[in-house]
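The chain contents come next:
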Amino acid sequence: MDPVLTRYVREPNGHTLDFFLQHQGYEGLKKALAMKPGDVIEMVKASGLRGRGGAGFPTGLKWQFVLKDTPLPKYIACNADESEPGTFKDHVLMERNPHLVFEGCLIGCWAIGAKVAYIYIRGEFYHVQKVLEAELAKAYDKGYVGKNILGTGFDCDIVIHRGAGAYEAGEETALIESFEGKRAQPRIKPPFPAVSGIYNCPTAVNNVETLCNVPGIVLNGVEWYTSLGPDKNFGPKLYCVSGHVKKPGVYEATMKTTLRELIFDYAGGVRDGHRLKAVIPGGSSVPMLLPDQLDIPASFDDVAKAGSMLGSAAIIVMDETTCMVWVAKNLMYFYRHESCGKCTPCREGGDWLYKILTRLENGEGSMRDIDLIASVAGNIAGKTLCPFGDAAAAPALTTVKNFRSEFEDHVREGRCTVPSDWRGWRVAAGAH
Amino acid sequence: MSFHPLMEYDPGRFHHSERKIADEGAPFVFTPERRAKLDEILTEYPPERKRSAVLAALYLVQEQEGYLTANGMRHVAGILDLTPAEVEDVATYYVMFFKEKVGKYVLQVCRTLSCALNGAERVTESLSEKLGIKVGETDPSGMFTLLEFECLGACDRAPVVMVNNEHWHEHATPESCSKLIDDIKAKGEAALSGCHLKVEK
Ligand SMILES: Cc1cc2nc3c(=O)[nH]c(=O)nc-3n(C[C@H](O)[C@H](O)[C@H](O)COP(=O)(O)O)c2cc1C
Ligand code: FES
Chain U
665 MDPVLTRYVR EPNGHTLDFF LQHQGYEGLK KALAMKPGDV IEMVKASGLR
715 GRGGAGFPTG LKWQFVLKDT PLPKYIACNA DESEPGTFKD HVLMERNPHL
765 VFEGCLIGCW AIGAKVAYIY IRGEFYHVQK VLEAELAKAY DKGYVGKNIL
815 GTGFDCDIVI HRGAGAYEAG EETALIESFE GKRAQPRIKP PFPAVSGIYN
865 CPTAVNNVET LCNVPGIVLN GVEWYTSLGP DKNFGPKLYC VSGHVKKPGV
915 YEATMKTTLR ELIFDYAGGV RDGHRLKAVI PGGSSVPMLL PDQLDIPASF
965 DDVAKAGSML GSAAIIVMDE TTCMVWVAKN LMYFYRHESC GKCTPCREGG
1015 DWLYKILTRL ENGEGSMRDI DLIASVAGNI AGKTLCPFGD AAAAPALTTV
1065 KNFRSEFEDH VREGRCTVPS DWRGWRVAAG AH
Chain V
436 MSFHPLMEYD PGRFHHSERK IADEGAPFVF TPERRAKLDE ILTEYPPERK
486 RSAVLAALYL VQEQEGYLTA NGMRHVAGIL DLTPAEVEDV ATYYVMFFKE
536 KVGKYVLQVC RTLSCALNGA ERVTESLSEK LGIKVGETDP SGMFTLLEFE
586 CLGACDRAPV VMVNNEHWHE HATPESCSKL IDDIKAKGEA ALSGCHLKVE
636 K
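So the sequences go chain by chain: U and V. Positions 665 to 1096 (our numbering) are the ones given, in order, by the first sequence. Positions 436 to 636 (our numbering) are the ones given, in order, by the second sequence.
In case anyone wonders, no lab produced these hints; they're calculated from the structure.
In silico DSBU-like pairs for lysine-lysine, Cα to Cα no more than 30 Å straight-line:
#	chain 1	residue 1	chain 2	residue 2
1	V	622	V	534
2	U	779	V	472
3	V	455	U	846
4	U	1019	U	1065
5	V	534	U	846
6	U	794	U	694
7	U	1006	U	1065
8	U	846	V	485
9	V	614	U	910
10	V	539	V	455
11	U	709	U	732
12	V	485	U	853
13	U	1006	V	534
14	U	794	V	485
So the derived list for chain U, only partly shown, Cβ under 7 Å to chain V, looks like this:
#	residue
15	790
16	863
17	908
18	912
19	913
20	980
21	994
22	1087
23	1090
Residues from chain U that keep clear of chain V, each with C-beta distances beyond 10 Å, as calculated:
#	residue
24	665
25	703
26	709
27	807
28	855
29	896
30	916
31	957
32	971
33	1007
34	1032
35	1033
36	1065
37	1069
Glycine is no exception: its CB is placed at the ideal position from the N, C-alpha and C atoms.
Based on the provided sequences and hints, a complete structural model is requested.
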């Protein structure tokens, strides 16, 4: 498939307004503004576009749920927090194709009847934010954003809002809290953001990549869009491949492409002389897959059938030099650090799991600890306000399930038994 | 006093909080330029929703003072009609705000999975050795602080080191980081510019 979203990302001036306009830029917006908002929503619904932020929820439906008969203003919140470990696709889109993001936001606003789109960008992406701001100023200048867009009488602003470093701020209700100037902690759902979001007004929270799909759908039609990819998993998809591969990067493909193709053909396979050991297919929050499970299309439905999730399509590849107890500990450190602290199972359980995994990795654990992991993790998953709890439990549960013998080796040998050529020298020399 | 007949009251073990009282710092007002910047940012939100600008305001305090002082946070509270506690509550949640004095250059090494798989631990160890400080510390000259950070969203360029919350150094190795330190010592800020990878043609 020819890339759609990332077609021009390697062009030196591919991110500028002039370049964008020469390549059908804002044509989707023009077409959308000539349609009734309800028809735009119907079109997105018919395209089957599913959210790219992690859950794969149909975008058209989400927009339809946004409360219509209300005196309150409505908002689009573009989720540019991109902090799921392993994910770096929105980064590329915003840095190299910023106007496509704006066009998606504007069409979204038109469809749901919003007058402002807020782009919540993670604080670490400051260099990306500067690109967005410079290009947004040009778009305002040329009348693509702001008052009376393209002479149609439609007013719509885009505001870039900088976060300050918090993984949980990517969760839609926590994003809204953070946007309102509070700690990024989730809200109880329902009410969903579509009914009560930013400033308690109806809000659609959409991922950057999701919104970038919209202009193409409007411009090229539903038939074109549904011709890309397998049933119910239509359209171009960005995959982030990283870890022990030769050519890590963002690759655009349809969801027909198998995980094996993405790892071996697109990303060049594992390093020479090494063997594939495990793959995380959708960001650190999803269960691992083993090398014999990779011949499935990398689609929302097929990866779910295999017992994992496509999530943010962040494929993290690990070769045989990777100790799975260490992987669980590394990721548990992340979740323990990022837990927002609102729900007790996640706040306390994450810390317990980290301590148990540290003990095991240092060779100081017992066989009982291995079962303790399953018990503690089982008491986090599904018992928290937002899916962070499930995410935090996943790395521990999936490593124990797939690599139990490695945990047992640590206990028996009293040390790590997996040689690696990239772990720290000091940790390798000490109690590794 | 005890909460339980069998439990001895031991302030060393119970009521233990890691929270530090915010450093007072110097008396604080925004410079006129920063105040103007904040006023401009405030126009982006509904007038009764000034609180939305709290992160932006805190960034400005940090830009001016190097870290968040109690005086700075109080000043922000005054402008945004919040209580100082509300501002501190927010400030202490987000990792990009420094709650104590840091070095002129804050080196933040990404330690999450993809970076670690590509040698981030070695980068951290070598930086720590070169600077003679542990993670979380500032060197005696006040020039460098070494921190670990969570996934920066650039795992294809692992390992990544972020300097001062905005400059990225990608594909870091112990050697390239050693050179970075030398360059910063020799050239200051200039060593940081242009380090973000341009898209390859
Ligand atoms: C802990 C957690 C972190 C999340 N982080 C992100 C994120 O960084 N970016 C993102 O787009 N969605 C993230 N999500 C998903 C959002 O909650 C939400 O589903 C998504 O933004 C909806 O957009 P979509 O329908 O376009 O996918 C996260 C969810 C959870 C539970
Ligand atoms: S793991 Fe370091 S940038 Fe993602």
